[in-house]
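Asks: Start from the sequences, fold in the hints, and give me the full structure.
2 protein chains.
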Amino acid sequence: MNDIEPIAKLVNQLARLPGVGRKTAARLAYHIIALSEEEVRELAVSIFNGKKQVHFCPVCGDYTDTDPCKRCADPNRDRSILCVVKDPRDVAAMERMRDFNGMYHVLHGVISPMDGVGPDDIRIRELMTRLASGEVREVVLATNPDIEGEATAAYIARLVKPLMVKVTRIAHGVPVGGELEYTDEVTLSKAFENRREI
Amino acid sequence: MNDIEPIAKLVNQLARLPGVGRKTAARLAYHIIALSEEEVRELAVSIFNGKKQVHFCPVCGDYTDTDPCKRCADPNRDRSILCVVKDPRDVAAMERMRDFNGMYHVLHGVISPMDGVGPDDIRIRELMTRLASGEVREVVLATNPDIEGEATAAYIARLVKPLMVKVTRIAHGVPVGGELEYTDEVTLSKAFENRREI
Chain V
1 MNDIEPIAKL VNQLARLPGV GRKTAARLAY HIIALSEEEV RELAVSIFNG KKQVHFCPVC
61 GDYTDTDPCK RCADPNRDRS ILCVVKDPRD VAAMERMRDF NGMYHVLHGV ISPMDGVGPD
121 DIRIRELMTR LASGEVREVV LATNPDIEGE ATAAYIARLV KPLMVKVTRI AHGVPVGGEL
181 EYTDEVTLSK AFENRREI
Chain F
1 MNDIEPIAKL VNQLARLPGV GRKTAARLAY HIIALSEEEV RELAVSIFNG KKQVHFCPVC
61 GDYTDTDPCK RCADPNRDRS ILCVVKDPRD VAAMERMRDF NGMYHVLHGV ISPMDGVGPD
121 DIRIRELMTR LASGEVREVV LATNPDIEGE ATAAYIARLV KPLMVKVTRI AHGVPVGGEL
181 EYTDEVTLSK AFENRREI
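The listed protein sequences correspond, in order, to chains V and F.
Residue numbering for the first sequence follows the working numbering, starting at 1 and increasing by one per position.
Residue numbering for the second sequence follows the working numbering, starting at 1 and increasing by one per position.
Just to be clear, a hint being listed does not mean it is correct.
Note: identical chains are not told apart, hence a pair may lie in one copy or across any two.
Result set (EDC-like, lysine to aspartate or glutamate): computed pairs, CA atoms no more than 20 Å apart in a straight line [unchecked claim]:
hint : residue 1 : residue 2
1    : Lys70     : Asp121
2    : Lys52     : Glu42
3    : Lys86     : Glu150
4    : Lys9      : Glu37
No wet-lab data here; the hints were simulated from the structure.
Replies: What follows is the structure, given as structure tokens:
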């Protein structure tokens, strides 16, 4: 497409991003080349550091640049309630709604036999370990309201109930078949408020 | 939006790109963080090098990573015909059509009194210097068919004609594959005016 090698490379790299076609990639590339060197450095460094400095919190599994993450280290958060989500994006979505001040547990996936993902492939074992301390009194299952999300919630509920821990599921205020990540704060807030014990 | 600083920085940086809103930026950021370190390095380096290694060709003004650019250095290109365009994207567009084997001259803008851009702010002086060698026999004015593009073409035509160099303007008309019904009046008017006997 472009015969100047550094531009062609840049277009190729940008075109690999999700939702970015070759035309958009070319437009972005020309935009980037027209930026000041300082601006480009900031962009490149933010990408590099975004990857380099961010890792999974050993406690909750969310993305973090500290050990443990800010939320796991925050003494003002309620350690008696634990919200279980599929991935870090869902933590970000829950935090945007601002109604929840408990702890999180990121599963990094959901049980999906079709994709060969079983209970041992996601962070269920780590969840059970956390619950063993006896500090948690309620587990809110906030996996997506789709087949895998429901199955995962049901599976975890079965494991957790014998521990005499209250298990709740966020309400179906979240559009069925929708994804937490793309749910607006109000809907999410309602869904959280109407969580039911299961 | 995101309280993990490297992620927030990355989202902010990505959201500054044209056509990228905050939601898209967040989606891209999570995608980038989930890439391998090697892939992220490639992306960051391609952005950095895209800017660092690319500069303007001192002859034609197009983007290049060599001095002069490949096209200006290519002995197989026809030095007697010079195509004048607004910016490097237009060179890329002309090259995609594959019909033109002459040289280019990038103005880096068009005359636009509204935006405070006068003839001295774009590369017209450099164009006149190139023409002084007497090698060029035709100047094709390929600025956009908008008000500023037409005015710039007219201005350059007036300067070049006394040098006894042929000056041409790319034709305006209905786009190939386009439909009359959806063609704006000005274009249609131009197309009618420039009708040819067949």
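Asks: Going back to the hint list, which numbers does this structure go against?
Replies: 1
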